[in-house]
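Participant: For the record, in the sequence shown the residue sitting at position 28 is 55 according to the numbering used here, with numbers rising by one throughout.
Heads up, a few of these hints could be off.
Claimed, not checked - Quick list of simulated restraints, FRET-style, between CB atoms: (1) E107 <-> R58: 31 to 37 Å; (2) E107 <-> L61: 30 to 36 Å; (3) N59 <-> A100: 17 to 23 Å; (4) N59 <-> A92: 16 to 22 Å; (5) A37 <-> A100: 19 to 25 Å.
In short, the hints are calculated from the structure, not lab data.
Glycine is no exception: its CB is placed at the ideal position from the N, C-alpha and C atoms.
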Amino acid sequence: MSSTGAIPAALTIEPGTRVVFYTDGLVESTRNILEGERRLADEVAAAAAGDADLAGSLHRAFFPASEPADDVAILTIARE
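Let's have the full structure, built from the sequences with the hints guiding it.
Facilitator: Okay, here's the thing in structure tokens:
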């Protein structure tokens, strides 16, 4: 363990895999975290495999006509 309390970890991402990291502001935007997580999973599954702007697509799906009321961060990683 490091002096900051962080635990080093390694993750192998297999070809064809997409990983999405997000803050709670994304899934809480639905006012129901479980529903927000289900919606996120559905949106990721429906996104085209080669979507180069998956984070932007997710942002537009959750906030089509307005800015989020809470802070939102989305980071996506894809291995082709």
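Participant: Each hint needs a verdict: does it hold in this structure or not?
Facilitator: We went through each hint and held it up to the structure:
1. Checked against the hint of 31 to 37 Å, the pair E107 and R58 passes, with Cβ atoms roughly 36 Å apart.
2. For E107 and L61, the Cβ-Cβ distance of about 31 Å falls inside the hinted range of 30 to 36 Å, so the restraint holds.
3. Judged by the Cβ atoms, the range 17 to 23 Å given for N59 and A100 holds: they are separated by roughly 20 Å.
4. Distance hint for N59 and A92: a CB-CB separation of about 20 Å, consistent with the stated range 16 to 22 Å.
5. For A37 paired with A100, a C-beta distance near 23 Å keeps the hint of 19 to 25 Å intact.
The earlier numbered hints are all upheld by this structure, with none contradicted.
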